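Same order as they appear, the protein sequences are chains L and C.
Under my numbering, the first residue of the first sequence is numbered 1251, with each subsequent residue one higher.
Under my numbering, the first residue of the second sequence is numbered 1251, with each subsequent residue one higher.
Don't read these hints as lab results, they were simulated from the structure.
Hints are not guaranteed to be accurate.
One copy or two, either will do: identical chains are not told apart, so a pair holds if it fits within one copy or between any two.
[To be verified] Calculated cross-link-like contacts (lysine to aspartate or glutamate; reagent style DMTMM-like; alpha-carbon spacing at most 20 Å):
| # | residue 1 | residue 2 |
| --- | --- | --- |
| 1 | K1363 | D1580 |
| 2 | K1633 | E1502 |
| 3 | K1540 | D1358 |
| 4 | K1284 | D1562 |
| 5 | K1485 | D1581 |
| 6 | K1348 | D1475 |
| 7 | K1468 | E1353 |
| 8 | K1468 | D1329 |
| 9 | K1338 | E1376 |
Nothing here was measured: the structure is a model prediction, and the numbers come from that model.
2 protein chains.
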Amino acid sequence: MYEKQLLLIPGPTMIPPRVLRAMSVPPMGHRSQKFSQVVKEVSENLKKVFQTKNDVYILTASGTGAMEAAVTNFVNPGDKVLVLVNGKFGDRFAKINKRYGVEVIRKDFELGKPADPKIVKEILLEDKGQEIKAVFVQQNETSTGILNNIKAIKEAMADHPALLIVDSISGMAVANFPVDEWGADVVVAGSQKAFMLPPGLAFISVSEKAWKVNETCKNYNFYFDLQAARKNLTKDTTPFTPATALILGLKESLNIILNEGLENIYKKQEKFKEMVREAVKALCLELLVKDEKSASPAITAIKVPDNIQWKDLNNILLNDFNVQIAGGQDDLKGKIFRIGHIGYVQDMDLLTAVAALEMALYKLGFIKELGIGVKACQQVILKHKEEA
Amino acid sequence: MYEKQLLLIPGPTMIPPRVLRAMSVPPMGHRSQKFSQVVKEVSENLKKVFQTKNDVYILTASGTGAMEAAVTNFVNPGDKVLVLVNGKFGDRFAKINKRYGVEVIRKDFELGKPADPKIVKEILLEDKGQEIKAVFVQQNETSTGILNNIKAIKEAMADHPALLIVDSISGMAVANFPVDEWGADVVVAGSQKAFMLPPGLAFISVSEKAWKVNETCKNYNFYFDLQAARKNLTKDTTPFTPATALILGLKESLNIILNEGLENIYKKQEKFKEMVREAVKALCLELLVKDEKSASPAITAIKVPDNIQWKDLNNILLNDFNVQIAGGQDDLKGKIFRIGHIGYVQDMDLLTAVAALEMALYKLGFIKELGIGVKACQQVILKHKEEA
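Just need the whole structure built from these sequences, with the hints factored in.
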């Protein structure tokens, strides 16, 4: 059972055998020349995925560690920041800032709605004294399946000098994000999403503008001190012992990503989103995010129907069909469920998940007929084959 | 060449195939019941290795991250602490404290000498106002190969209320350290040493006394917030996505460690230390740590002879014999080299390393005769076989 579980949560995601093999080698000294060559190669390739000329630093931590680095290296206690919140991870940015005594202007958006650039514009226009030092936002909010429009948010910031700090942990290499072109100053990503690796690494890019701000920063953290990361990367190394095995896996997964090509990946992810959304509609379930453009290509959130318990649905999916999807988090527990479609996923995986979901809904009496969701998936698959 | 490199640096250390295989499996959801069972098992087994009844928390970070957690969760800015320094990692504890505005009383000990409990006693006796909130020390100082006497340091602290905070990153499961019996309040360990795993996980135990101090603490870090770790461990989980693959490996390596038995491991490590030290003496090289009792059973530091360059020695070891040992760090660069003997090492590995070292020294003209160091190793091996 366990070995063939279809894991469709929004991370950790499934891992290609090539990547597993790459990690499963005798260890290397982290200060050896051979390992430095690996650090050099992956750092260059990360820049390609981030579409940036700036350094991308590798942190041995979960994504939250890199979110903390994105706060403490660029904001001082007493500073004012704007945090856009579409769900749990926006809330986390607010919490981290508060932890460090940063004054948070928090803007929550309606459940299932993206961050509104107009509101960002209004808030920044009202900030005559330019006291807001940074705008924090998720590119992809994992908890609700929202894809924010980072380009539009940056445009809405106009001439305001605040840094744009983006959590793209579940967005990078899923949805297009040309970091330099769109002008994002600090961007965070994580290994266990589209990078098809186990959790344990996070990546962070820093613009020249952000480095200037960093110079005036108290830089509380020791472990997450990006100045140390910057200094060490000039020697193709890291300040502290990195998760060497994961970095060896990263080398392989970056090759997979760049060989497939970012444009092809973005297209594939749009197809996955379409497959799941069309199936959901066909099954008369309700999508949390109505607007197609704001719906995440990484994860689809679906409302739990009134007469069904998430727990029952999940038990059938897990026990009968060995399919693992995710429930809601915090306030959304029991109210939504989420199908992840990030990374090492293919059409037939999602078709399988939809088929399992159908059977579970059938067993629970929510639908009376089988095959409807699967058919919707099939139609999307064939449509995209024709277009290709 | 690469696959059969003999890696004898003080971490990352070599990894048993069983552990590599345990990590090399399809990923598990980190909030799944199955993964919680793993977290529960490894947490219980970590307590056995730490010889503590207190929780041991798993952090997804290098050891330095856990060192930072050991500062920020128990010390406030403006507090006074005593930091005992035998090398680079003692210095790091001082740096982390200073980063957070903690007033550091720094006591450096002579190169190659252990922390002197008498001096700890004197300093704490002079602290009439009991202003010193914590004493920081390495059990095993990786940079110089010193094993500090934690038991004696705790005894020297007598009735002083300061916390005893110990970095046992390269000491845990190498030298005996009954955390509860010796009264250490906060103890840090890391995956890439005796736990025979790649880098990326750190472990930290917290005493009841330390938790009481924690209540009065500002608890700056978000990612390293041990209150969150504590709360989550009651549900057999972690606050943030953990390095799942490494934790699956940890499950296996803890089984290996506990099956071998801590007492047997400590004995084996003492033998390794004896093998290397006797070989070094036989080769007329100079040990950095003269006192046998203060010499680390994890790593042996050796002075680079006057007429030899470390770089030349290292090149021969690496290129001719595929043996990787470590040089000195920071101020000790070029002045010492270090042979690690932690974790997945056996007698014959060290014998091989000594044989390679001999050949390198012979090539460099430092010795005129071969076999002397190897013979010393052989004698130690056979002596221990007889005693067993």
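> Are the CA atoms of K1540 and D1358 at most 20 Å apart within a copy, between copies, both, or neither?
Replying inline: Answer is within: at 18 Å inside a copy they meet the 20 Å cutoff, but 63 Å across does not.
> Given a CA cutoff of 20 Å, do K1338 and E1376 count as a within-copy pair, a between-copy pair, both, or neither?
Replying inline: neither (27 Å within a copy, 50 Å between copies)
>> At most 20 Å between CA atoms: does that hold for K1284 and D1562 within a copy, between copies, both, or neither?
In response: between (51 Å within a copy, 18 Å between copies)
> Is it within a copy, between copies, both, or neither that the alpha carbon of K1363 lies no farther than 20 Å from that of D1580?
Replying inline: Cα proximity of K1363 and D1580: one copy only (18 Å, versus 53 Å across).
>> Regarding K1485 and D1581, is the shortest C-alpha distance of 20 Å or less found within a copy, between copies, in both, or in neither?
In response: Between copies, since 18 Å is at most 20 Å while 45 Å is not.
>> With identical chains, the pair K1468 and E1353 could be close in the same copy or across copies; at 20 Å between alpha carbons, which is it: within, between, both, or neither?
In response: both (16 Å within a copy, 17 Å between copies)
>> Within a copy, between copies, both or neither: which one fits K1348 and D1475 at a CA-CA cutoff of 20 Å?
In response: Result: close both inside a copy and across copies, 19 Å intra and 14 Å inter.
> How do K1633 and E1502 come out at 20 Å by Cα distance, when the copy is not named: within, between, both, or neither?
Replying inline: Result: close neither inside a copy nor across copies, 31 Å intra and 47 Å inter.
> When no copy is specified for K1468 and D1329, does a C-alpha distance of 20 Å or less occur within a copy, between copies, both, or neither?
Replying inline: both (12 Å within a copy, 18 Å between copies)
Consistency with the previously given hints fails for numbers 2, 9, ordered from lowest to highest.
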